[in-house]
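Protein chains: 4
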Amino acid sequence: MTDTIGGVRIEMTDAPDQPAPSEQLLALYRGFEQELLVPLWAEIGELMPAAPVSRALPHRWTWSALYALARQAGDLVPVGRGGERRAIALANPGLGGRPFATPTLWAAIQYLGAGEEAPEHRHTQNAFRFVVEGEGVWTVVGDDPVAMRRGDFLPQAGWNFHAHFNPGDAPMAWIDGLDIPYAHYAETTFFDFGRDRIEDRSAPETSKSERLWAHPGLAPVAAADASVGTTPLLAYRWEHTDAALTAQLELEAQGETHTIEPGHAAVRFLHPQTGGDVLPTIRAEMHRVRRGAQTAPRRETGSSVWQVFDGSGRVRVGDEEWSVSRGDLFVVPSWQPLSVVSEASTDDSDSGALDLFRFSDAPIHLAMHQFRSETEDDR
Amino acid sequence: MTDTIGGVRIEMTDAPDQPAPSEQLLALYRGFEQELLVPLWAEIGELMPAAPVSRALPHRWTWSALYALARQAGDLVPVGRGGERRAIALANPGLGGRPFATPTLWAAIQYLGAGEEAPEHRHTQNAFRFVVEGEGVWTVVGDDPVAMRRGDFLPQAGWNFHAHFNPGDAPMAWIDGLDIPYAHYAETTFFDFGRDRIEDRSAPETSKSERLWAHPGLAPVAAADASVGTTPLLAYRWEHTDAALTAQLELEAQGETHTIEPGHAAVRFLHPQTGGDVLPTIRAEMHRVRRGAQTAPRRETGSSVWQVFDGSGRVRVGDEEWSVSRGDLFVVPSWQPLSVVSEASTDDSDSGALDLFRFSDAPIHLAMHQFRSETEDDR
Amino acid sequence: MTDTIGGVRIEMTDAPDQPAPSEQLLALYRGFEQELLVPLWAEIGELMPAAPVSRALPHRWTWSALYALARQAGDLVPVGRGGERRAIALANPGLGGRPFATPTLWAAIQYLGAGEEAPEHRHTQNAFRFVVEGEGVWTVVGDDPVAMRRGDFLPQAGWNFHAHFNPGDAPMAWIDGLDIPYAHYAETTFFDFGRDRIEDRSAPETSKSERLWAHPGLAPVAAADASVGTTPLLAYRWEHTDAALTAQLELEAQGETHTIEPGHAAVRFLHPQTGGDVLPTIRAEMHRVRRGAQTAPRRETGSSVWQVFDGSGRVRVGDEEWSVSRGDLFVVPSWQPLSVVSEASTDDSDSGALDLFRFSDAPIHLAMHQFRSETEDDR
Amino acid sequence: MTDTIGGVRIEMTDAPDQPAPSEQLLALYRGFEQELLVPLWAEIGELMPAAPVSRALPHRWTWSALYALARQAGDLVPVGRGGERRAIALANPGLGGRPFATPTLWAAIQYLGAGEEAPEHRHTQNAFRFVVEGEGVWTVVGDDPVAMRRGDFLPQAGWNFHAHFNPGDAPMAWIDGLDIPYAHYAETTFFDFGRDRIEDRSAPETSKSERLWAHPGLAPVAAADASVGTTPLLAYRWEHTDAALTAQLELEAQGETHTIEPGHAAVRFLHPQTGGDVLPTIRAEMHRVRRGAQTAPRRETGSSVWQVFDGSGRVRVGDEEWSVSRGDLFVVPSWQPLSVVSEASTDDSDSGALDLFRFSDAPIHLAMHQFRSETEDDR
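Residue numbers (UniProt numbering), protein chains in the order written: chain A, 1 to 379; chain B, 1 to 379; chain C, 1 to 379; chain D, 1 to 379.
This is chain A alone, in the form it adopts within the complex (with noise of 0.2 Å):
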């Protein structure tokens, strides 16, 4: 219960040692207003909870409509200078109409027609790119030109010059992931324009960075001890992704236990020079959840966005749940339990596994100590 005096809201609780109303006490809490100060003992119940509390909801976005937006968009937005993308945030409902998909997340598509190049910019954020469908646009970071394809998975480190360009003659729109919100919040933003146009329109099948590092288990040795800031791994590929899960199931389905749960396969994309997350914010995985399997509830600390890759099913976070297919984005706000279940839709002849992408702010909590996680079975 909340009451208000002198412009000051005041919880009231039936706990002991809660100053009584009296005109004195407004006095000195007009004296707080006046000052810029605000007493503790009538916020600590938000403030303190005993267990963390999301301003952010469980939400889903589908696919198909975020895509009939993007493709407007297309049509009625330019790219270019000033906008430097047509990309367009999921906002979360709790979080006040920001283009904030959790607290520290944001989460766009961005859709780039043929012949269009969205122009060169560096920013302190870090940011990544995933493919749910399509192909044909190269992301240039500095000077090597990355091709995005379906399951593509395109970390962007902080602080990189880095354009995209469509060479092709279909539009293309894929996912974009970055800190925003994070480092809004943190106050730590730089940002440059780079060149307005890349002259070299080369467009090659492989990048030089997957040349020089997507090698398991390999470093370059005149790189190998280079400033570990930057991931120098630009494209982690679908082929790997898919190989890498399916063998997983595999081995569970001959008695080996390297899975999460049963049927419930995921890898995790790393840092090849530190062996740990891909971003210093953002730690991004692939779940693979075998059709007619259901994930145990699990909740932590922090929060994430989920993008089915493939497949269908059920998905239930909190007090919420929503049939979901491919390209279809939720939201797992902080401390609410997730569960998915991997099912044919009434419309769907698959009888494949759910395929499910995910990135969260881990890293951020695992830095300051803060990082909890549970099942059921924990508690």
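Bear in mind the hints are in silico, worked out from the structure with no lab data behind them. Because the structure is a prediction, the values reported are computed rather than measured. Treat the hints with care, since some could be wrong.
[What the hints assert, rightly or not] Covered by chain C, per the in silico footprint, the following chain A stretches (three or more residues, Cβ under 8 Å): (1) 235-244; (2) 249-256; (3) 362-370.
C-beta: ideal position from N, C-alpha, C; glycine also.
Model the placement of chains B, C and D on the given structure of chain A, informed by the hints.
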């Protein structure tokens, strides 16, 4: 220039490639709204500025005003379970009336009357106390009562039970610093009640923690390999801090250069098991500026709170400038340059230096590879 | 110049302050001897030279001689419990007949005939296998049989059970590298016998380890946070190593500089959970020197063993120079400069590059802050 | 049982699969010898024992004998450039007459007469001094003269220039500890001469190093982020060490358990910028065993050297047992159990505790993942 179409704020800029307002665009923006989406191009200026722009404002609170209100609260507001602490927090004028000194940091005056006790609890937030005047309160951490006296810095890493009691016959006030705003933002907060009353009222001069750990460069072998999540040293006494600052200025007078700049000595409080910052989220330092000296304007990513411990002078933060003396607090928002002049106030016959306690959120930004600092010379 | 008084070797130098031989000095030295003492001034020249002086000598072993003796041992020496392995080790001519390739490193040819098995054991020594020719043997690590084929690098971190079996009808030989001399020196060695015979003779093309870990930049989530003491990736296949070296030289031909020096590509084998060296004590690399190219003389603290994997050339180590071709091994002692020329041997119609496998003790010296390296340009 | 064929030592065991001596085997072994090869099966028993077997032997040196010889050396052996130091090293009886206390560690008594100076030099070996009695010598590190007094521990990280001078009118002796045997083994040693004579003879009570760093938990901000290769704190004074040990035993008497075991307190010397061991290769500790107490037998991988600082008692290492009193040194080889009894010697009216200084090579084995320790209870 900003305009609003269909309830959505749109940045209208002179930059190329911005969409021209039209019926179709209006329909598109309505679609965005309906689907909980926000276009990047309408927000990029605020989200991705060329350099950090803080919502927080530079501000100073005078100790006299703060202490007077705290004393009144001592008369009117009981301390006990529920409200937990008689703490009154700085509310930065740029942060919407929340009890946040900066976007990440909490700073409050806490007041405990003669014979009073603040009940035991624990929380994942990291905390410390700093004593600008007075003595007579013991902070009990687990079963270790730690005396609090002028000049002492007392860290309190997250998730340790602690209470405060005042066995004497005079009230005492001090400063609490925590990462409450950060933890609130990060949504990683856990909280537990402890004992309502600490039966053991022993009040030793020296805590067990100091007897074990306050020996320069020495660790108990039985604890040396223990987990380093929690600082084992619970009090950094003024006599040591003062001696360290004195030595830096004496060595400078002998021609050695161990100060930050001429006339400006500073020490950082260390976690003795890592050699790094005393708390995962908070850096704490004591600075001494020789009477007559002036510090070069310096700015860094992230925010800090400063308190004058002794002496007087003028402080400039961004476009603001204040006179300050003992106990006054001020806030330096992210990327705002700070400079300090140590000089006698008009009513001050003290010939000594200006001593400033400071805490900041630097460890967060260092861990996320987002820390930058510069003086004018660096530019 | 050295003299001996009373059985104690004395350095007689022209330096000032050396003691003049006398009866009293003789008595003093006898006292030292009796009390098990040695004066520094008699030893400092050898113990504290201006730069590292290795007891090891540069030396080359030819593969033809080594293989011929291993094949004879295959006829004469059974393999089994007690002797454990039919391994024949390089004995550096400077190291007193001990089976030590360098003061820290062991290198041996191991030979396993058709149908033979080397029994399971484990030891704290870190090990690897490298295959210069042939195939057909499986190394079983725990319950994971790992195929061995030409060009493969197979690390084996300490204290894991392992056996080898040859299920085919042809013998196979390969190189074992270990830190046996280091561990012998450090006196930290533990050893356990395992099963006398591995019942499960499954011999898959791909090990479980690779199915889980040999995907570039990917880790199984279920294992990602596991202890990093042991490398989880048990085979680094030649196809990947070859592709990585090829890419570096192709990029060089396009004007990129990711090689160590012109015509000299190299990759390092990484521990996928740390991004660092593959074993705590051993660094392993594959180098490729383009036909016609020559590497600049380079020296470093610590020693290494090299094996020619393909091609031919000339190698200069300190004052020694040899022609080398496939399978030949040579040793580079601490601080001895090495340079390599890639050129056709007289009886060699091969037009390809010189491929060199290398392992060294660099991780030890890096961890102790004792690693230095330089080329002539650095001096 | 060992036999020799063709000059090669062969282990003759009852284990299966050992080769039967024959003419062909003899020829094979001659081939090995000729090609500088050694078979594993002839050496495995010594190279790969079930648990560490040290070449070093437990041994005790008495301070009286050591000091008497040092004093004689003071009369007979000048100190100066060339010999560099009047240091007399412990030569472990198991290590072939070399001046090695253990395979990794050097321990020597150094003696400097009134007015003498040991000339400046630097070396990559890590060093320290420990003072069991006397005072009056200053170690000059760079331009910082550091006084040496009973009970002080003075670390000296590699590659810093240092000299010693005795400005007083009495001689002084102390213990030098270094990693000379390790560095000699590792072949990573560099050495430079410095100034022949330090002109500045200032001899302050407190070094600059201590004035900057000997404040518990405090670092100069101007140096806090500096490279951590070199310990910045050059003296750990006895008053602090004594106070820390006293506190542990007092707390134990109050029912707290911060000692290693009942009656056995210990502190470790820390590198203040890392919180870890004071030197990259050397761990240093001071132990105090209450009169009447006895330590449980404990063994660890790696070796250590101990010196009695005060009190008396009996020491058991492996099968050896000695009475010890002030200044006596003894060596504990790898994996040999050590236990200590604190008791009055027959001619000792002292009722105090047994204080023991100790240094070991543990940091090396920890970094290489080869450190193990156990008490009898662990087995």
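To see whether the hints hold, each was checked on the structure:
1. 235-244: holds (count 5)
2. 249-256: It holds: at least three residues are needed, and the region 249-256 of chain A offers 3 whose Cβ sits within less than 8 Å of chain C.
3. 362-370: violated (count 0)
Of the hints listed earlier, the one the structure fails to meet is number 3.
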